[in-house]
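Colleague: One letter stands for each residue in the lines below.
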Amino acid sequence: GESVGLHLPTLSVQEGDNSIINCAYSNSASDYFIWYKQESGKGPQFIIDIRSNMDKRQGQRVTVLLNKTVKHLSLQIAATQPGDSAVYFCAENTPPGGYQKVTFGTGTKLQVIP
Amino acid sequence: EPEVTQTPSHQVTQMGQEVILRCVPISNHLYFYWYRQILGQKVEFLVSFYNNEISEKSEIFDDQFSVERPDGSNFTLKIRSTKLEDSAMYFCATRGQGGELFFGEGSRLTVL
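Sequence order for the protein chains is S and E.
Note that the first sequence ends on residue 114 in this note's numbering; no numbers are left out.
Note that the second sequence ends on residue 1112 in this note's numbering; no numbers are left out.
Calculated from the structure, these hints are not laboratory results.
These numbers were taken from a predicted model, which means no experiment stands behind them.
Errors might be hidden in some of the hints.
Computed list of lysine to aspartate or glutamate pairs in DMTMM-like fashion (alpha-carbon distance at most 20 Å, straight line) [as the list claims (entries may be wrong)]:
#  : chain 1 : residue 1 : chain 2 : residue 2
1  : S       : K42       : S       : D84
2  : S       : K101      : E       : E1053
3  : S       : K101      : E       : E1100
4  : S       : K42       : E       : E1044
5  : S       : K101      : E       : E1018
6  : E       : K1078     : E       : E1105
7  : S       : K101      : E       : D1071
8  : S       : K42       : E       : E1056
9  : S       : K56       : E       : E1053
10 : S       : K71       : S       : D31
11 : S       : K101      : E       : E1059
Per label pair, the in silico range of CB-to-CB distance [stated by the list, open to error]:
#  : chain 1 : residue 1 : chain 2 : residue 2 : range
12 : S       : T69       : E       : Q1097     : 26 to 32 Å
13 : S       : I113      : E       : H1029     : 20 to 26 Å
14 : E       : E1056     : S       : N22       : 46 to 52 Å
15 : S       : E15       : E       : Q1097     : 33 to 39 Å
16 : S       : T69       : E       : L1084     : 42 to 48 Å
17 : S       : D55       : E       : S1009     : 24 to 30 Å
18 : S       : S40       : E       : G1099     : 24 to 30 Å
19 : S       : N27       : E       : K1083     : 27 to 33 Å
20 : S       : T69       : E       : R1080     : 18 to 24 Å
21 : S       : K56       : E       : D1063     : 41 to 47 Å
22 : S       : N22       : E       : L1039     : 22 to 28 Å
23 : S       : S40       : E       : G1096     : 21 to 27 Å
24 : S       : Q45       : E       : E1068     : 25 to 31 Å
We put the CB at the ideal spot given by N, CA and C, even for glycine.
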């Protein structure tokens, strides 16, 4: 079946260091992956996405890496700031059906230590 | 920046009562979704909606749930007879051009 899971439930990082949040997915048919950030009491906020025909995509201070061979996704945050403290979810879209259903992983809580 | 808005932000109801949660999607988006998140757990897909009909639903979305877009702007989720286990945050989302979902701030439902 399809499942999206995260390796670590909590990650503590010193301010200024780089953070790496990992995610494993099990459905090799998934073709689109998204990282969301959720701050306490708020809805998930889109960070960055990547399609299965790519293995790396960069945004502002964030990079997503996709390894289809081992079905692994990671989110790298450069120079982590206190405002990055949140729960991070990876999500996948699996065809058919276009983008009708996006499945979320369990989430990793990122704690930034000032 | 356009955003998805949801009302109410918090609703407390008695078990067995009907609840309607409302969402105003981003105006040029065509695909709408409801997700829920039980406290401390992951975000779970409920239903997707396109062209005035349900396009996909999860096993959570049973006969007690319904969605509609009654007036072309609001997108609603109705729970006919609430149960204790329906207590959760309910998020409305709409899909952008690239496939990414834009979420509202959520409606917290507490069933007593």
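Colleague: Against each hint, give a clear statement of whether it holds in the structure.
Modeller: Right, here's what the structure says about each hint:
no.: 1; hint: S:K42 with S:D84; in the structure: holds, 14 Å
no.: 2; hint: S:K101 with E:E1053; in the structure: holds, 15 Å
no.: 3; hint: S:K101 with E:E1100; in the structure: holds, 11 Å
no.: 4; hint: S:K42 with E:E1044; in the structure: holds, 15 Å
no.: 5; hint: S:K101 with E:E1018; in the structure: violated, 26 Å
no.: 6; hint: E:K1078 with E:E1105; in the structure: holds, 18 Å
no.: 7; hint: S:K101 with E:D1071; in the structure: violated, 24 Å
no.: 8; hint: S:K42 with E:E1056; in the structure: violated, 25 Å
no.: 9; hint: S:K56 with E:E1053; in the structure: violated, 36 Å
no.: 10; hint: S:K71 with S:D31; in the structure: holds, 11 Å
no.: 11; hint: S:K101 with E:E1059; in the structure: holds, 13 Å
no.: 12; hint: S:T69 with E:Q1097: 26 to 32 Å; in the structure: holds, 30 Å
no.: 13; hint: S:I113 with E:H1029: 20 to 26 Å; in the structure: violated, 38 Å
no.: 14; hint: E:E1056 with S:N22: 46 to 52 Å; in the structure: violated, 28 Å
no.: 15; hint: S:E15 with E:Q1097: 33 to 39 Å; in the structure: holds, 35 Å
no.: 16; hint: S:T69 with E:L1084: 42 to 48 Å; in the structure: holds, 44 Å
no.: 17; hint: S:D55 with E:S1009: 24 to 30 Å; in the structure: violated, 40 Å
no.: 18; hint: S:S40 with E:G1099: 24 to 30 Å; in the structure: holds, 27 Å
no.: 19; hint: S:N27 with E:K1083: 27 to 33 Å; in the structure: holds, 30 Å
no.: 20; hint: S:T69 with E:R1080: 18 to 24 Å; in the structure: violated, 46 Å
no.: 21; hint: S:K56 with E:D1063: 41 to 47 Å; in the structure: holds, 45 Å
no.: 22; hint: S:N22 with E:L1039: 22 to 28 Å; in the structure: holds, 24 Å
no.: 23; hint: S:S40 with E:G1096: 21 to 27 Å; in the structure: holds, 24 Å
no.: 24; hint: S:Q45 with E:E1068: 25 to 31 Å; in the structure: holds, 27 Å
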